[in-house]
Every structure is written in C-alpha cells, then in structure tokens.
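On the provided structure of chain A, position chain B as indicated by the hints.
2 protein chains.
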Amino acid sequence: MLIQDKQQRDWKTIIKKFEAVLGKNGVVQRREELITYECDGLTSYRQRPAVVVLPRTTEQVAEVVKICDRHNIPFIARGSGTGLSGGALPIEDCVLIVTSMMRQVLSVDLENQQVVVQPGVINNWVTQAVSGDGFYYAPDPSSQIICSVGGNVAENSGGVHCLKYGVTTNHVLGLKVVTPDGSIVDLGGQVPEMPGYDLTGVFVGSEGTLGIATEITLRILKSAESICVLLADFTSVEAAGAAVSDIISAGIIPAGMEMMDNLSINAVEDVVATGCYPRDATAILLVEIDGIAVEVAETKQLISDICLKNGARGITTASDPETRLKLWKGRKAAFAAAGHLSPDYYVQDGVIPRTQLPYVLQEIENLSQQYGYQIANVFHAGDGNLHPLILYDNSVPGALHQVEELGGEILKLCVKVGGSISGEHGIGADKKCFMPEMFSEADLETMQYVREAINPKGLANPGKIFPTPRTCGEAAKMTDIKEFASVERF
Amino acid sequence: MLIQDKQQRDWKTIIKKFEAVLGKNGVVQRREELITYECDGLTSYRQRPAVVVLPRTTEQVAEVVKICDRHNIPFIARGSGTGLSGGALPIEDCVLIVTSMMRQVLSVDLENQQVVVQPGVINNWVTQAVSGDGFYYAPDPSSQIICSVGGNVAENSGGVHCLKYGVTTNHVLGLKVVTPDGSIVDLGGQVPEMPGYDLTGVFVGSEGTLGIATEITLRILKSAESICVLLADFTSVEAAGAAVSDIISAGIIPAGMEMMDNLSINAVEDVVATGCYPRDATAILLVEIDGIAVEVAETKQLISDICLKNGARGITTASDPETRLKLWKGRKAAFAAAGHLSPDYYVQDGVIPRTQLPYVLQEIENLSQQYGYQIANVFHAGDGNLHPLILYDNSVPGALHQVEELGGEILKLCVKVGGSISGEHGIGADKKCFMPEMFSEADLETMQYVREAINPKGLANPGKIFPTPRTCGEAAKMTDIKEFASVERF
Numbered sequence: 001m002l003i004q005d006k007q008q009r010d011w012k013t014i015i016k017k018f019e020a021v022l023g024k025n026g027v028v029q030r031r032e033e034l035i036t037y038e039c040d041g042l043t044s045y046r047q048r049p050a051v052v053v054l055p056r057t058t059e060q061v062a063e064v065v066k067i068c069d070r071h072n073i074p075f076i077a078r079g080s081g082t083g084l085s086g087g088a089l090p091i092e093d094c095v096l097i098v099t100s101m102m103r104q105v106l107s108v109d110l111e112n113q114q115v116v117v118q119p120g121v122i123n124n125w126v127t128q129a130v131s132g133d134g135f136y137y138a139p140d141p142s143s144q145i146i147c148s149v150g151g152n153v154a155e156n157s158g159g160v161h162c163l164k165y166g167v168t169t170n171h172v173l174g175l176k177v178v179t180p181d182g183s184i185v186d187l188g189g190q191v192p193e194m195p196g197y198d199l200t201g202v203f204v205g206s207e208g209t210l211g212i213a214t215e216i217t218l219r220i221l222k223s224a225e226s227i228c229v230l231l232a233d234f235t236s237v238e239a240a241g242a243a244v245s246d247i248i249s250a251g252i253i254p255a256g257m258e259m260m261d262n263l264s265i266n267a268v269e270d271v272v273a274t275g276c277y278p279r280d281a282t283a284i285l286l287v288e289i290d291g292i293a294v295e296v297a298e299t300k301q302l303i304s305d306i307c308l309k310n311g312a313r314g315i316t317t318a319s320d321p322e323t324r325l326k327l328w329k330g331r332k333a334a335f336a337a338a339g340h341l342s343p344d345y346y347v348q349d350g351v352i353p354r355t356q357l358p359y360v361l362q363e364i365e366n367l368s369q370q371y372g373y374q375i376a377n378v379f380h381a382g383d384g385n386l387h388p389l390i391l392y393d394n395s396v397p398g399a400l401h402q403v404e405e406l407g408g409e410i411l412k413l414c415v416k417v418g419g420s421i422s423g424e425h426g427i428g429a430d431k432k433c434f435m436p437e438m439f440s441e442a443d444l445e446t447m448q449y450v451r452e453a454i455n456p457k458g459l460a461n462p463g464k465i466f467p468t469p470r471t472c473g474e475a476a477k478m479t480d481i482k483e484f485a486s487v488e489r490f
Numbered sequence: 001m002l003i004q005d006k007q008q009r010d011w012k013t014i015i016k017k018f019e020a021v022l023g024k025n026g027v028v029q030r031r032e033e034l035i036t037y038e039c040d041g042l043t044s045y046r047q048r049p050a051v052v053v054l055p056r057t058t059e060q061v062a063e064v065v066k067i068c069d070r071h072n073i074p075f076i077a078r079g080s081g082t083g084l085s086g087g088a089l090p091i092e093d094c095v096l097i098v099t100s101m102m103r104q105v106l107s108v109d110l111e112n113q114q115v116v117v118q119p120g121v122i123n124n125w126v127t128q129a130v131s132g133d134g135f136y137y138a139p140d141p142s143s144q145i146i147c148s149v150g151g152n153v154a155e156n157s158g159g160v161h162c163l164k165y166g167v168t169t170n171h172v173l174g175l176k177v178v179t180p181d182g183s184i185v186d187l188g189g190q191v192p193e194m195p196g197y198d199l200t201g202v203f204v205g206s207e208g209t210l211g212i213a214t215e216i217t218l219r220i221l222k223s224a225e226s227i228c229v230l231l232a233d234f235t236s237v238e239a240a241g242a243a244v245s246d247i248i249s250a251g252i253i254p255a256g257m258e259m260m261d262n263l264s265i266n267a268v269e270d271v272v273a274t275g276c277y278p279r280d281a282t283a284i285l286l287v288e289i290d291g292i293a294v295e296v297a298e299t300k301q302l303i304s305d306i307c308l309k310n311g312a313r314g315i316t317t318a319s320d321p322e323t324r325l326k327l328w329k330g331r332k333a334a335f336a337a338a339g340h341l342s343p344d345y346y347v348q349d350g351v352i353p354r355t356q357l358p359y360v361l362q363e364i365e366n367l368s369q370q371y372g373y374q375i376a377n378v379f380h381a382g383d384g385n386l387h388p389l390i391l392y393d394n395s396v397p398g399a400l401h402q403v404e405e406l407g408g409e410i411l412k413l414c415v416k417v418g419g420s421i422s423g424e425h426g427i428g429a430d431k432k433c434f435m436p437e438m439f440s441e442a443d444l445e446t447m448q449y450v451r452e453a454i455n456p457k458g459l460a461n462p463g464k465i466f467p468t469p470r471t472c473g474e475a476a477k478m479t480d481i482k483e484f485a486s487v488e489r490f
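Chains as they are written, first to last, in the UniProt record's numbering: chain A, 1 to 490; chain B, 1 to 490.
No wet-lab data here; the hints were simulated from the structure.
Take these hints with a grain of salt, some might be off.
[Said to hold, decoys possible] Just a few of them, taken from the derived set where beta-carbon distance is under 7 Å, the chain B residues facing chain A:
id, residue
1, SER107
2, ASP186
3, GLY196
4, LEU400
5, GLU404
[Unchecked claim] Covered, in the sense of this in silico footprint (three residues per stretch, anywhere, with C-beta under 8 Å from a C-beta of chain A), are these stretches of chain B:
id, stretch
6, 220-233
7, 417-425
All residues carry an ideal CB built from backbone N, CA and C; glycine is no exception.
The following block holds chain A by itself, in its conformation from the complex (with noise of 0.2 Å):
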C-alpha cells in the first residue's frame, strides 16, 4: 500500500471508490507524484495530501465530496496553486481535489453579457474567449496567465484593474456548488440581483470552506473603446500619494492606478528592462484611464495636471496597445523581479484608507529599518491595496520569523488605520491568526455559525480563514483532522 494509513483509514478501499468514480487515471497517489501538490504560492508551509482526485464533471466532484463525508475525510480544492495565503495548502491525511481536467468554457452569451467556465479555466482564457468579439473579463490577478477561475472565486482575487471594476465578487453572477455534504446546489444565477440570500457573495471568498464551485458563471464588459496609460515620475513617495488622493478627489475613477517604489522599479528594470520606468525615480505611478475617445483624452490630461501639480517631473503616455503593454509589463512582473533581488521575498497583502497612504508608507520604511530587512512596495494605490514584498534569506535560522513578525506588524499597522488584513489573496492558512485584529469575537462568530450550518463536520478545508476551533463540540469533530499546527514548515 503506498500511502500511510496514519488515521486508520482504509485508504486502499476509499482510493478504490475514488477510481470507480473517476478512473485510474483520475486518481494520484504515488508519493513522487503527491510532491507538487505539497503546497501553493504560499512556498513556506508544505505539507503532502494523501491522495489527488482529478474530477471532470459537477456530479464527479459530487460523488468524491460524498465519499469524504461518508468516510469523514477532510477535503480541499486547489485550482492552479498560485494562491499567496495558502488556500490550497493541504493537511494530513486529506484528499487534495484539483481542477486541472475542468478546463471547459460552457457557455458564452454575448448578448447577456455571460460566460459560463469551470473552475479551472485559467483566468485570461475567458478574456481569450471572448475579446474577439470586443469582451473582456475584468478582474486581473497579476497571475492571470496561469491561475484559474475557481481559485479566484474562492479567493476573491483582485488584480490592477479592479480599482474601477471591483474584485472578482462583483464579476460572479452565479454559481454551481457542490457543499460539503454533496448536494449540488444553484447560487445566484443570469440576472444581477437574485431574491432570497445572497449565497453567491458569501461563497466567492470563502477559501474553500462552504464547498467546491464546478460552474461559474462570469459577467463580461464590453471592451472599452479608447485606452491610455499613463507613467508619471515622482521624487517622494508623499507626492505620488498626494496625487492619488487628488486624482481619487476629483471625482475620477482610473480603471488602474498602481504605485511602485525605487526598489521595485530597479528590480523590475534589473529584469525585464522595460526601459520605460526611470531608475532614479522615488516613485511612479502608472495610471490606465478607459471609454470612450474623447473622455480618455480629456481625463489623461486632467490626471497629467494633477501630477504635474503635485511635483511629477515627468509624465509618459502609450495610447497604442504595444506602448501600453510594455508600461504594464513591469508593474506585472513585479513579484517575479523581488525573487531576483533576494534569495527569498514574503509578500503581504493589506488595505488601508487611501488618505492614509504617506503616513503607512512611512512607518513599514521604520519598520523595514528596525526589523532589518529591505521591503519593496508595489501596489494598487488606487484602493489602497498594498503588496509590501519582504526581502529574507530563507537559509538564515530565524529569518523566516522574523519577516513573518515584520509582515504581522505591517497588518496590525493597516488594521489601526481602519484597512484590512487582506485586500485579495485572502487568509487561508497563512493570516488566521490575524482575524481577531480586525473581527470582534461575536463578528468572528456569526461567521462561523455560517460555515458550521453549510459545513457541519468541517471537512471543506479545516483549519483556513478561522483561527481556532470555536466550540469545544467543533474541536471534539476536529479530533482526526490534523490541525495546521501540525504541518511541516520549510
């Protein structure tokens, strides 16, 4: 038998379940095989499932759903594994549900405005669906090449352009569920507002913990007709802030607007030499405006006054699509260039209120210098969504640590100036400690009176979002799931 009956399970038997429903070949259990499943984006906490299922249908994902419930194994779904918080992390003795063969796009109705994928439709393929007939889909995670629809559901993900279209939560009009028991259920459906509760809202962002979405049913937007981006180049980061805050003020919503520092911009020319983002700048903002013709010019000359006004020394702009995608270039390869400008990089993912944008900026720079360690900044300034990156040396004793401290005490930081925790890479197993900063113990606990109602044994995912087990009755279920405490750190 090749994996560990740790729990006394009979795994041989579960395992043979599992292959009546989905095959050999939908069933991975060879230990080699199980090691690219060990962890997500989040490289820090590995830990190997017991077994990968690869379903292709709703009513596959159901009956493997059943048979965990049946044999009270706890499951978890993972998409692409691109995930930051550790969504997708696995623990002991679990069955990993992976959507890597639900690639289908279903349905596309242009005139509705929908398209309808599975869950492990990469992102940008449902731009590539239908941007031939002047769609997109909004919502863009700097991961989009490669991560998949279900893992932004579960993760609310965000992306550049979500400023002036909202996270992925705003783009779901509905949702086929398999929950936690099994059954298949409809949340939301073709028409924006749906009567009754508004399960669609509470499922995107969840992490996993109320059931598997296996359809998805996606607004797109009409392309927009006229686009341009605009670079503008600031000696103090204060400035740059200054002049979101009075872009914002004036009443206009860029469709991006993204800040990046010295040191981002550096790593970023270090890499992919976009050749476009001055090298001695403190900080640049680049901003996209969309509409049409004629609004996009008058707004990118309001913009190019405001930044002028509040000190840029120089502004560019690329209305053509390749000037364009050679602005955003850097800004996309952002995360890929801090791995190049320290053996290791954390990044964290917080909100805060745009007004207090300089005051933040300011203390992670004192706290980058008490803690010792280099911090990058890049991030959606236009919602106030900050991506500090971390620069650590993982093979140094305690680093990892200490920039998890640093890290900790850039959210409490964010949380005291009324932001958030997380702005779209969710909490998984990565923050959960932190949801007592930002939720009261009453806050903390209508939300699991949620989950407990839709997830009962707390098999979807245990040991995400929430940071302990919350009543005695919950902890005596949780006594053969192994508590992410118990998994193995790198």
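Positioned in the frame of chain A, the structure of chain B alone reads:
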C-alpha cells in the same frame, strides 16, 4: 389590559420591560395608534402587531431583541413602511420594532467617500447631507423622499439610477447589526472588500430575517460634472426595446434607462402634466447619461442616433437641472398616477434578460387580455426590471385573487425566460410561494441553513421569504408563531 393576551403571553410584564429600556414614549400599545402599523406598501394584507417599540440606539434595539428572545416573541423591523412586498407586515402577537426615532446621520467622511447613518434615515437625506460638497448616494427608489435606508438594506432596493451604479448592496460597505439573540456584531467595514465571509452581502436583502441593522456605512459617489436626460418617443414597444438592446450592445451604460408605455404616459400626464411626454407615443425611453462634459455630449449623440435608427419619432434632451427634473417627474410619479387610472393597482416586480423584452411585453399584453385587466408598464428597461401595474377594483369580489393570479403568471413568465421573481421589491410575504419556481429544494434548503444558523428560533420576521417551514423541528418551534396564513385579508 389593552392588548389581548392571545398567546398566553404576559404582555403587561413584557411591556413594562420595554418601557424600562425605552421609556413610556418609546412603546406604542393603544389599539388606535397601532392601526398605522398594520401594513406596509403592500396594502392588501393587514395585521395589527401586539405592540410597537421605538428605539433610538443600537443598545436599545439589542435590549428589545433580548427581551423578545427571552420570551420567544416574534419581532419584525419596520422603517418607513413603504416596502411593496409586505416585508414589514406584522404577524399576530408580534413586536414591531420601528426605526423612525433612529434618524441620525452619524458621520460623514468625504475623503474616504463614506457616510454612516442610523437605519431610520430617509434615503434622500443621505444625498442632502453630502450634496453641498459635490457627492451623492446612488440608489434611488421612487419612494426616496420617504423610504428609510434600513428598509432599503432589508429589501436591497434599486431605483432608476441602479443600471450604472448598482443596487443597495453595491453601496453598503458595513453594518452594525443586532442579531436575533440580541448580540451586536459588525459586518463589513470601511474598506470595500473584507476578508472572511461576506455577511454584509447576505444581510443586505435578507428582509429582516437575520437581525436588525442599526448603523449602516454607505459609499457615496462624486457627483458627475455633466448630466443629460434624453427622451425618445417610439411608435412601438418592440422598437423601444430594440433601442435599449442596441445602446447596451454599443458598450454604453447609461446612468438610467427607463421605459413607459402609452397607458402610463397618459396616466402621468393626467396627474402631473409634465407636458413633455407625447400622449400618442406607444412607448417612451428616458435615458440619463452622466460623466465629464465631452463624454456626455458624445454619448448623447450616439444614443440619439441609435434611437432614430430604431424608428424614434423624436428626441428631447435636457441638460439643465430644471428641465431634467421635469423629464424625470412623470416617471417618478408613475406609480402614484396609476392610482388615478383605477380604484386599485397591484405592482409586480420581475426581472428578465434584456434580450427578452419584446417577447415578454407581448406575453404580458396577452395575459392582460386573457384576464381582462389593463396593465400599465413602467420599468427599468436597462436592467430588464419590469414593473407591470395591474389595474383593478378591489370592491369587485374575487378581483384581488384574479389579479394575484395574473401577477403570478407574469412572474412565472419571467422565470421561464431566465429571469427573476424580484428585481428590487423583495419577496417578503407577497411572493414567498413563488420561490420554488426559481430555486430548487436544495437551493432553498441551503439558504435556510443560514437563516437557522443566525436566527435559530425563527423569531426574526417569521413567515417571510421562504415558502414553508423547512423541517418538522422548525415547524414545532413555530407552533406559537401564527403563520402568515392567519393574517387578515383586505
């Protein structure tokens, strides 16, 4: 003792407890004073509550709810009582918690575009509080000069400007809520996307079944630089419907896009005499465009061209505030004007995919002829949200029953073409029997898991949204809560 103790409840003691929390002025118990509270905007059903309480603070609401919880008394929240689905309809022997003393705007934060209000605040007071600084609150039900924000939250209200800006749920950032056991919890918050479950989204539109919102954080928007209203006059409903489709297909999202048929046009001109609506038009489209001046000018031209191409006889436009108001005046008065067409009217609220407009309007006309009742159509054409007004005389025996049946046929038609049984008025008491038309048993069960998790005793607004008690256990719990069936019919 003024109140009959039908349920063997010791109302004398209970009322003393309420008075201890609220003072004598905060409790209404005289039979003649209770008449006001017998119904909401769905006037065909009436039921006197046992007692009405008028709290002023979150803490007072929590104390009142705790007393209800301890004595197992059903309680129902009510704002201004303008709801059209009977969401605030009392049941026998209940406590009605009225928010009319909770009318404070608690804070205005222009920098972060947020306003915090108590639930009794009137919808258009929010705009009034910030319009001097160039901001406004987008959702605008026709009843906005009287309806409360708390009621808007309960019913997830829409309005003529929700096409571009979304309904109430898109503008509620956070809520302080008294849950059915009297706990005070915070859902959501200042930042647009919070981690954990999106319970703000579930609460908005839950029609009082999950507790009572006592503080509401609303997003306010910057007023547009330029606004233009365009009235296009058509000789057929099909042509007007085709123009709507073409406008949206051109990638234009107007701020609002409304349609009125000939019957509504004449009703409105009879009553408010705008002088702007051509009495011989088969249908008119009212389109509002907002944005920066150049954009509005160009979009106005595009929309005019589309309307003319689809056979519009003429187009009137208005850019100054007075003329704009005049063009909107008739639309805003349409429901009231329908009251002059016949002794009574029943307003239906259904949603259809925009592409189905011509077919559905023809079917409604067929149903009108089949049942022998005139139907006036006034609706949010841009989002496919229909409001057929069925004209009848309630003094004719059996008329209400027939009209309800006709209304039901219209709802079934909406579902058949892929739409919804409610766009913005909610399910309340009126439409719960149609929920199974739209949702499977598993779908409804999943929603009720959530209701039972947060409202386990079923005391918060019983008998609303869901068609029947779900489980025997629940039915047993409800033995001393007289079901909606017992409500007196008028």
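Against the structure, the hints come out as follows:
Against a cut-off of 7 Å between C-beta atoms, the interface hint on SER107 of chain B is violated, since the closest Cβ of chain A lies about 12 Å away. A hinted interface residue such as ASP186 of chain B counts as satisfied when its beta carbon comes closer than 7 Å to some beta carbon of chain A; here the least separation is about 5 Å, so the hint holds. The closest approach between the C-beta of GLY196 of chain B and any C-beta of chain A is roughly 5 Å, which is under the 7 Å cut-off, so the hint is satisfied. Taking 7 Å as the C-beta contact cut-off toward chain A, the hint placing LEU400 of chain B at the interface is violated, the least distance being around 22 Å.
Interface restraint check: GLU404 of chain B against chain A, minimum CB-CB distance 18 Å, threshold 7 Å, status violated. Chain A is given as covering the stretch 220-233 of chain B, and this holds because 4 residues of the stretch bring a CB closer than 8 Å to a CB of that chain, at least three being needed. For the stretch 417-425 of chain B, the proposed coverage by chain A is satisfied: 7 residues have a C-beta within less than 8 Å of a C-beta in that chain, meeting the threshold of three.
Taken one by one, the earlier hints fail for this structure at numbers 1, 4, 5, listed in ascending order.
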